[in-house]
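Turn these sequences into a full structure, and let the hints guide you.
Residue numbers (the numbering used here), protein chains in the order written: chain A, 1 to 280; chain B, 1 to 252; chain C, 1 to 277.
Check the hints yourself; a few may be wrong.
Looking from chain A toward chain C, a few residues come up when the C-beta cut is under 7 Å (computed) [claimed, not checked]:
| id | residue |
| --- | --- |
| 1 | V28 |
| 2 | L83 |
| 3 | G107 |
| 4 | C110 |
| 5 | T209 |
| 6 | Y238 |
| 7 | A254 |
These are computed hints drawn from the structure, not numbers from a lab.
For every residue, glycine included, the Cβ atom is placed at its ideal position computed from N, Cα and C.
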Amino acid sequence: MGFRIEPRVNQKIAYYVLLLMTIITVLVLFFIIGYVFKNGLGQLSFAFLTQKTMDMGKGGGIFSSIVGTLFVALVAIVIATPLGVGSALYLVEYTRGGPVRRVISFGADCLAGVPSIIFGLFGFIFFVIHLGMGWSILSGGLTLAVMIIPTIIRTTEEAIKAVPRSYREISYSLGVGKFDTIFKVVLPASLPGILTGVILGIGRAVGETAAVIFTAGSSHNLPTSLFSSTRTLAVHFYILAREGISMPKAYGTAAVLIIIILLINFAAYRLMHRFIARYY
Amino acid sequence: MMQTDEAKIRVDNLNLYYPGRQALRNINLDIEENEILGIIGPANSGKSSLLRAINRLHEIDLARLTGRIMLDGINIFDVRINDLRRRVGLIFATPVVLPGTIYKNLTYGPKSHNHFSRAQLDRLVEDSLVAANLWDEVKDRLRDSASTISGGQQQRLCIARTLAMNPEVIMMDEPCSGLDPISTAKIEATMLELKDKYTFILVTNNTKQAARVADRTAFFLSGELIEIGTTESIFTNPQDERTDQYIRGKFG
Amino acid sequence: MKDKIAEKILLLIACSAILLLLLITFFIFQQGLPLVLRIGFGNFFSAHWAPTRGFFGIFSMIIGSLMVTFGALVFGVPFGLACAVFLAEFSSSAIQKTLKPVIELLAGIPSVVYGFIGIVVLVPFIRESFGGPGFSVLSASIVLGIMIMPTIVSISYDSLIAVPKTYREGSYALGATKWQTVVMLLFPAARSGIVAGIILGMGRAIGETMAVIMIAGNALKIPGSIFDSVRTLTATIALELGYAAGDHRAALFACGSFLFLIIIILNVIAIRITGRK
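Spelled out as structure tokens, the structure:
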């Protein structure tokens, strides 16, 4: 049969190759985080975090961006959560296969795959220009809301499905109507899972650049209202890095970004675990 | 209470279809007020399906039925579904407590039907727990999570929960399966104590339990009602051979 | 009745996803399509992009996007599958529980950070080792490969563990090793999921903007080698939207429309393959 490696040897080789590749992957992650932290953590002084951005970024801190990011994310969450949770509720509780479900799921799945630059284009032409909101926290937040709705729909769907069937049966058997059953039993029970989705959505919103830079603008001033233009942390970082304005501050901003992402992922992860432990 | 000739629940030519199979075939059955009707039979004979049809829970399972079920002479499909389910309660085989305190479990149902004052709710909670023979054991723990009590206590909590709705009929689907003998005895005692106020339908895998508590017993097999009669006559003198064999444990 | 009203409201809310999709489609195409129709498809797909002078040919950028996407797959798919297989078949559940979130963390890192690391670490390395400007197809492919890996790992992992245990047990009972089982049984069984994951990864790579802008070089010609600079569709949009006006802006939306179309097609294929309900 010609040259043939003994299957067990084959497996050993395969195992080590796979292990190596996995280790490389993990190392890449640690390298990225480590590199950013090594160069950026030193920048994280109280001043850096609380001073407004000055001098096109060369001076001052990142406070303007922190505030801007906060409010953009807030707008995004406030809009996306009801829409996402409501959609998921409808999908799980009111449909059972069938064309309506397929259409809605299709819409959500496609929306999930749309790249951020397209959202940027859309947000620009629709919110900034067509609706006349200009480059603002509002435009940015609304655009991000559209972006993260699919994320929230997906995680909420899973969370609602995880609530045991028996809860609903008991509620119905007591003569409680569908609305009350959903809002007094199912929703509260799926809250941790929903929260996880919301937190992950915030994570996406915070890390976004292409969708935000064309909708919230890039003003480095401290935002004063929802209609102020602002530069989120990711955008600020991008501008600093690309224009080579200030490498140290770029690293500092990146470090803050990564810390936020780590916190968000950690929180989401812990929540998910508590949720799973409750029902499985 | 109106004195009528009508049975409390009348099942008339009932056929129940789940997707892919027929669960009940041509069931004709009267359930008298204030009786305990025992329903026995092997697994998959349609006993639970009958209960779920009576309170229209079958709709959740995407089942459909033909025939009629009447409660106090009125077709259950002509009654508001939430009222029907309040009047006809169902205890499931596995006790499932809702997340929250014992107190909350008991007040959840009533609060969605009516507005009650705090004092009324307290009263309701106490009365239901007393009737379910659980009050003494949990009266100091009403604000504890319902998941901290034992299985037997949880099942009695489920009974109390149903009683809090002020039902007329209480259906029990193998309520004591998996419970210890003491809890089982307490639940059976509850049934006998409350018989005068409610009508009970007891589905059970345990023929001896039916023999202990039921006034009349019905034997189901493969979706059909084989035989129904007073408990004594069913157990000592069954008319149908299959009933006889089942009771004697020849199959199960 | 409360129930009926609630149902109607929730239905309305549930339609928001598809409505938004339609809204996006409408506005993007409304801005971009007229221009394309005016200059003709021949001109639109030519290789001459000089928007301020009236030339709107996107061919070189399509090639750029394709090259970079293909490169991303070359790097991302092997590592992605390797991790998925390792996690699903060759590691204990403890390792799985620790490693999976770690890999998912990779997905959470903002693209600008990836781009930045690419600039300061990868680009100089490539420049010194292989010549050329460093900002190249190669560097973009590597970074994009890393970026799409979590998607591929996630979906492939889910597909692999969805294969029923009985398949594996049957295979082991016949004396096959784990690796043989994976290659001959599990991969074919999980194939549709894995392919869908790869297609979705492809979609992400095509749509990636920030990282690509920072490390691909953005030169407007069709690259001659993987060490040459390259410009993708997404880069063009992002670089020029800030100052584009009139026809130029419309042309960028036309790019966006084309991109959008490709992505939707890829998504539909992926959805079809997995038969998601």
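Do the hints match the structure? See the list:
no.	hint	in the structure
1	V28	6 Å, holds
2	L83	5 Å, holds
3	G107	3 Å, holds
4	C110	5 Å, holds
5	T209	5 Å, holds
6	Y238	5 Å, holds
7	A254	6 Å, holds
When the structure is compared with the earlier hints, no violation turns up for any of them.
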